[in-house]
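Letter 153 of the sequence shown, counting from 1, is numbered 154 in the numbering used here, and no numbers are missing.
Hints listed in this document are in silico derivations from the structure and should not be mistaken for laboratory results. The model shown is predicted, which means the values in this text are computed figures rather than measured ones. Wrong hints could be hidden among the right ones.
[Said to hold, decoys possible] Below, in silico cross-link-like pairs of lysine to aspartate or glutamate (DMTMM-like), each with a Cα-Cα straight-line distance of 25 Å or less:
#, residue 1, residue 2
1, 75, 34
2, 123, 34
3, 123, 88
4, 120, 81
5, 10, 30
[Unchecked claim] Ranges between beta-carbon positions, derived for each pair:
#, residue 1, residue 2, range
6, 10, 127, 41 to 49 Å
7, 90, 43, 20 to 28 Å
8, 90, 36, 30 to 38 Å
9, 10, 49, 25 to 33 Å
10, 131, 158, 44 to 52 Å
11, 143, 74, 39 to 47 Å
Glycine included, C-beta positions come from ideal geometry on N, C-alpha and C.
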Amino acid sequence: MSDRCMHAKFTVNGESVDAQVPIRMHLVDYLRDEMGLTGSHLGCEHGVCGACQVMVDGQVVRGCLTLAVQADGKNVQTIEGLSDSRELQQLQAAFLKYNAFQCGFCSAGMLMTALDITKHHKNASRDDIKELISGNYCRCTGYQAIVDAIESVLHTNQSSPSTQSGVKV
Numbered sequence: 002m003s004d005r006c007m008h009a010k011f012t013v014n015g016e017s018v019d020a021q022v023p024i025r026m027h028l029v030d031y032l033r034d035e036m037g038l039t040g041s042h043l044g045c046e047h048g049v050c051g052a053c054q055v056m057v058d059g060q061v062v063r064g065c066l067t068l069a070v071q072a073d074g075k076n077v078q079t080i081e082g083l084s085d086s087r088e089l090q091q092l093q094a095a096f097l098k099y100n101a102f103q104c105g106f107c108s109a110g111m112l113m114t115a116l117d118i119t120k121h122h123k124n125a126s127r128d129d130i131k132e133l134i135s136g137n138y139c140r141c142t143g144y145q146a147i148v149d150a151i152e153s154v155l156h157t158n159q160s161s162p163s164t165q166s167g168v169k170v
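Kindly generate the complete structure, drawing on both the sequences and the hints.
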């Protein structure tokens, strides 16, 4: 890796980062190696498997395709930073209920995608969910349990009075 660095300021899970970042270091490597945030995994390192997904300014991105310096001025959230969120807890409970967690390697990336679906695709059909998770590989579950879990959260949220009024309780 090149010794050249660039100054970057960004936020990771609410913590300010002000650092010299190697210009060729990927975001997932920075998070894992420099910050000790190992929830996002390196699978393919080509942006295909989804195990490295994190959120940058509220959008799911592939951490293995995003350079750490591209986070300059942005807000990064990892699975660790979402651990106390109601939305993530709801998804985790559904994943457990439907046995959607198996070996766990894809779980962080899959949960990031699932969280994005529950936030931005609230009326997604079962086929929509399948399409939306198609960028995440899971060799253990066959995907049906994952789709069931996400679908159950969407249905729960649609029938909840707090989400119908637009006010979170």
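Against the structure, test the hints numbered earlier, and report the numbers of the ones violated in rising order. Hints 2, 8 and 10 contradicted; others consistent.
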